[in-house]
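Colleague: Sequence:
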Amino acid sequence: MSRVTHARAFPVSFPLLSLLLVLLLHAGGTHAESPSELPANDTEECAGSYICKKGVILPIWEPQDPSFGDKIARATVYFVAMVYMFLGVSIIADRFMSSIEVITSQEREITIKKPNGETSKTTVRIWNETVSNLTLMALGSSAPEILLSVIEVCGHGFTAGDLGPSTIVGSAAFNMFVIIAICVYVVPDGEIRKIKHLRVFFVTAAWSIFAYTWLYIILSVSSPGIVEVWEGLLTFFFFPICVVFAWIADRRLLFYKYVYKKYRAGKQRGMIIEHEGDRPSSKADIEMDGKVANSHVENFLDGTLVLEVDEKDQDDEEARREMARILKELKQKHPDKEVEQLIELANYQVLSQQQKSRAFYRIQATRLMTGAGNILKRHAADQARKAVSMHEVNSEVTENDPVSKLYFEQGTYQCLENCGTVALTIVRRGGDLTNTVYVDFRTEDGTANAGSDYEFTEGTVVFKPGETQKEIRVGIIDDDIFEEDENFLVHLSNVRVSTEASEEGVLEASRVSTLACLGSPSTATVTIFDDDHAGIFTFEEPVTHISESVGTMEVKVLRTSGARGNVIVPYKTIEGTAKGGGEDFEDTCGELEFQNDEIVKTISIKVIDDEEYEKNKTFYLEIGEPRLVEMSEKKALLLNELGGFTITGKLWNGKPVFRKVQARDHPLPCTVVSIQEENEEKQPLTSKEEEERRIAEMGRPVLGEHTKLEIIIEESYEFKNTVDKLIKKTNLALVVGTNSWREQFIEAITVSAGEDDDDDECGEEKLPSCFDYVMHFLTVFWKVLFAFVPPTDYWNGWACFVVSILMIGLLTAFIGDLASHFGCTIGLKDSVTAVVFVALGTSVPDTFASKVAATQDQYADASIGNVTGSNAVNVFLGIGVAWSIAAIYHAAHGQAFQVSPGTLAFSVTLFTIFAFISVGVLLYRRRPEIGGELGG
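Throughout the sequence shown, residue numbering follows mature numbering (1 follows the signal peptide of the UniProt record, and there is no 0), covering -32 to -1, 1 to 904 in sequence.
What the hints contain is simulated information worked out from the structure, not anything from laboratory work.
Don't take every hint at face value.
Said to hold, decoys possible - Below 27 Å or equal to it, Euclidean Cα-Cα: the simulated DSSO-like pairs (lysine-lysine) are:
| # | residue 1 | residue 2 |
| --- | --- | --- |
| 1 | 39 | 797 |
| 2 | 305 | 524 |
| 3 | 676 | 21 |
| 4 | 39 | 301 |
| 5 | 585 | 540 |
| 6 | 585 | 569 |
| 7 | 432 | 524 |
| 8 | 373 | 438 |
| 9 | 819 | 162 |
| 10 | 574 | 540 |
| 11 | 540 | 524 |
| 12 | 676 | 574 |
| 13 | 797 | 22 |
| 14 | 540 | 569 |
| 15 | 524 | 569 |
| 16 | 39 | 21 |
| 17 | 574 | 524 |
| 18 | 574 | 547 |
| 19 | 301 | 373 |
| 20 | 547 | 676 |
| 21 | 540 | 438 |
| 22 | 676 | 569 |
| 23 | 22 | 39 |
| 24 | 574 | 585 |
| 25 | 305 | 540 |
| 26 | 524 | 547 |
| 27 | 676 | 585 |
| 28 | 819 | 164 |
| 29 | 569 | 547 |
Work the whole structure out from these sequences, hints included.
Modeller: So, in structure tokens, the structure goes:
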């Protein structure tokens, strides 16, 4: 118990120490200014004069030296405007991150050809997770800081400024110490979060520390006070180098390629199988977009795409199993809910538990802060409304069909040879029932012949006004000859319509099709079963497939080629891969008794529903030798007199044994009843009797072709389709993306409930709180304005990406000017303003995103794993791009790009020392005593 208390006590002071470290780190500021023609924002405390410089967009607020009251008013206006701009940036960054989520979730279909020629298709993500985190995700998270640095340099005559670099350095310190400290603390008691991709974390942490060390090298060691062109370009090119190193670490590319030559992956998880020699030449070919990869590409794919395909298959299979498990639990927990309600509950629960990207958590945090609501619950509710509306549309039956359709009520009819006649029903559906409709019918030979097996019949059926059903009869001819079951056909044709408006009574053929026509089935098949034989007993087919959700399956046992006499057929189930006793099915055995002229019986078997996503188990149903029930008139009379006797089918001293069914309170005395035939002495048979006996033997019941039915239990198709539908719905790009401007404007003007205190599993929306309404009305202008940004469905998200980053750049320019003027008004240098206000303002959404990720995600990668990568990207992109442009510009004019190092040596030293300590503490927390970087 003391261990847990200690583990939780440590992080409490960690955020405070981290915040103090950030302030100490930048107390002196990274004073990167140019001694060139444009003066910086300076303050002369003794004289009380303030000299402000013109912004990139905003002009100077005249007069330059206002009174104390005006200073307070100006500072208030600048501060409020800056905060409002931060809200705008957070909202457009939300749209920007949505486009990134859609872009990075794009998939492509590949075809895998196996050595035996078989092909299978699967989909793989175009973007590697690590690459997307370090490129688009980091760009989306740090776009304001990066663009601020570039805009400041380009907008001030390509001279170095303080806002951009100081904001980047301040954000880095805030990310490394404050955000990680908060993430360590907010994890619920007793829970831990570990970094999944530890190799990637090592690489990005190393590059993050190196990035700031590199700043010190180029400013204080290599060329003090001057940034040369090669230094700026190399700083920028460190960005793709960092991405490549992280990608190699993630894919284990170099080491894995060496291992692959000697080992192959085993079937079991975590097992590899050694084999001798080089990689076998006969291997699966991989096609991408219809083209077979060449040998060089194959070597490249060995360590990347092959692993990715395997991992994709494993992830998909795991996701399906998890979805099936959740559906089963919800069905047991909410037995009264409809299927669609269960689907939406499962959808929300899976989305909540699913591992999410950094972009998703940033979007979720922004929308919760601005009154846009919980996007997971909104998505689940929207899907529920769509499902209900689609169900209502599909449930509407279009009975207003203007055309009457005539067809047989069923496509097949059966009758015995001695039935006399068979009745077939013709129905009329739809159209104007006030018309009189005529339709011709005619029989046609199949295996049965007219005149010997049935009576040829033809005629016309008349449907009078209001009549919707008619019956026709066909005569059946009986004989005493053993025959196979035979069939014949009955066709409908020549539909005619008579209306009151028609002058000649019957309309022309060209006009009939608009009022009446033949439906399906327009041909009926009539099967004649022979009744001169006791019958051949068989199943319909040797194999049948059933869904595990069938409950109780009905198996038909057919009696063909005769139906004379009473016949008993025994049956029983036999286990296969499916087990009886209630595990997969209920054991069943017994006897079927076919009465005279009865041609079909059913056997009921209960199947257990396990609700498995994939299932393929078999068991068997077997029928035994049929036996004819033979009873003389004397036996029947005697049994009738005694009453309650049933045939056992057993013999005692050569005599049949009958069982008396008696109530328990009236026990039957132990008595043997012997039933004697009238004439037990066997007399020699005459030739006529011998012939009759031979015919009788020929007519005894026998087994047919299919006496053992293989029953294959498969997964429920409805259940599988439900799981597949849910898997598609759990694509986070569908949750955060939009497909129309209409949808975006509706979202912009709609206020939704934010985060709930209770962690319920339901996807139901709740009423917004007062805070939600306040934040919504504060940000509704930005929401409506940025609803004009193209939806993420356009150009696979790239249209939204480009427009959003332009908007972020424009707002960032305003923020830079407002921050500079605000600092100038209250007497702060740009470097201090950047660290205290700008860096904090741009990092607040990231802080909330990391907090949500730490509490909701299964791993720590989304909360702290991307912090180190983002820090490195900020330096390499934000400072690298800006200083490269400025250095090239000055070099083209024969000048040197001057950047004062200020107190950078002290800041970098302090940052590096504490960064190593921070990483060391995180790694120490992976020990068994705590178990993970976060929580404990």
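Colleague: Against each hint, give a clear statement of whether it holds in the structure.
Modeller: Evaluated hints:
As the CA atoms of residue 39 and residue 797 are separated by approximately 16 Å, the hinted pair is consistent with the 27 Å bound. Distance check on the hinted pair: residue 305 and residue 524 sit about 34 Å apart at the alpha-carbon level, beyond 27 Å; violated. At most 27 Å may separate the alpha-carbon atoms for a hinted pair to count; residue 676 and residue 21 exceed this at roughly 95 Å. A distance of roughly 63 Å separates the Cα atoms of residue 39 and residue 301; the hinted pair therefore is violated under the 27 Å criterion.
Straight-line distance between C-alpha atoms of residue 585 and residue 540 comes to about 18 Å, which keeps the hinted pair within the 27 Å bound. Between the alpha carbons of residue 585 and residue 569 the distance comes to roughly 25 Å, so the proposed pair stays at or under 27 Å and holds. A C-alpha spacing of about 39 Å is found between residue 432 and residue 524, which places the hinted pair above 27 Å, so the restraint is violated. Distance check on the hinted pair: residue 373 and residue 438 sit about 13 Å apart at the alpha-carbon level, within 27 Å; holds.
Between residue 819 and residue 162 the CA atoms are separated by roughly 15 Å; this keeps the pair inside 27 Å, and the hint holds. Among the hinted pairs, residue 574 with residue 540 is consistent with the structure: their alpha-carbon atoms are about 13 Å apart, no more than 27 Å. Between residue 540 and residue 524, the direct Cα distance comes to roughly 14 Å. Compliance with the 27 Å bound is thereby established for this hinted pair. Simply put, residue 676 and residue 574 have alpha-carbon atoms about 18 Å apart, close enough for the 27 Å limit, and the pair holds.
Distance hint between residue 797 and residue 22 is fulfilled; the C-alpha atoms sit about 15 Å from each other, no more than 27 Å. Taking the CA atoms of residue 540 and residue 569, the gap is near 15 Å; set against the 27 Å cutoff, the hint holds. Restraint check: the Cα-Cα separation between residue 524 and residue 569 comes to about 6 Å, which is no more than 27 Å; the hinted pair holds. For the hint pairing residue 39 with residue 21, the CA-to-CA distance comes to about 16 Å; that is within 27 Å, so the pair holds.
Pair hint residue 574 plus residue 524 holds up; C-alpha atoms about 15 Å apart against a cutoff of 27 Å. Between residue 574 and residue 547 the alpha-carbon distance is near 12 Å, which keeps this suggested pair within the 27 Å criterion. Annotation: proposed proximity of residue 301 to residue 373 is violated, straight-line Cα distance about 47 Å (limit 27 Å). Restraint check for residue 547 and residue 676: the C-alpha separation of about 17 Å stays at or below 27 Å, so the hint holds.
Annotation: proposed proximity of residue 540 to residue 438 is violated, straight-line Cα distance about 43 Å (limit 27 Å). Distance check on the hinted pair: residue 676 and residue 569 sit about 16 Å apart at the alpha-carbon level, within 27 Å; holds. A hinted pair counts as satisfied when its Cα atoms are at most 27 Å apart, and residue 22 with residue 39 qualifies at roughly 17 Å. For the given pair, residue 574 sits about 15 Å from residue 585 by alpha-carbon distance, which is consistent with the 27 Å threshold.
Our distance criterion of 27 Å between C-alpha atoms is broken by residue 305 and residue 540, whose separation comes to about 38 Å. Of the supplied pair hints, the one linking residue 524 and residue 547 holds, its CA atoms being roughly 22 Å apart against a limit of 27 Å. Proximity of residue 676 to residue 585 is assessed by CA-CA distance (about 16 Å); at most 27 Å being required, the pair is judged to hold. Distance restraint check for residue 819 and residue 164: the Cα-Cα separation of roughly 18 Å lies within the 27 Å cut-off, and the hinted pair is therefore satisfied.
For the suggested pair residue 569 and residue 547, the alpha carbons sit about 25 Å apart, so the restraint of at most 27 Å is met.
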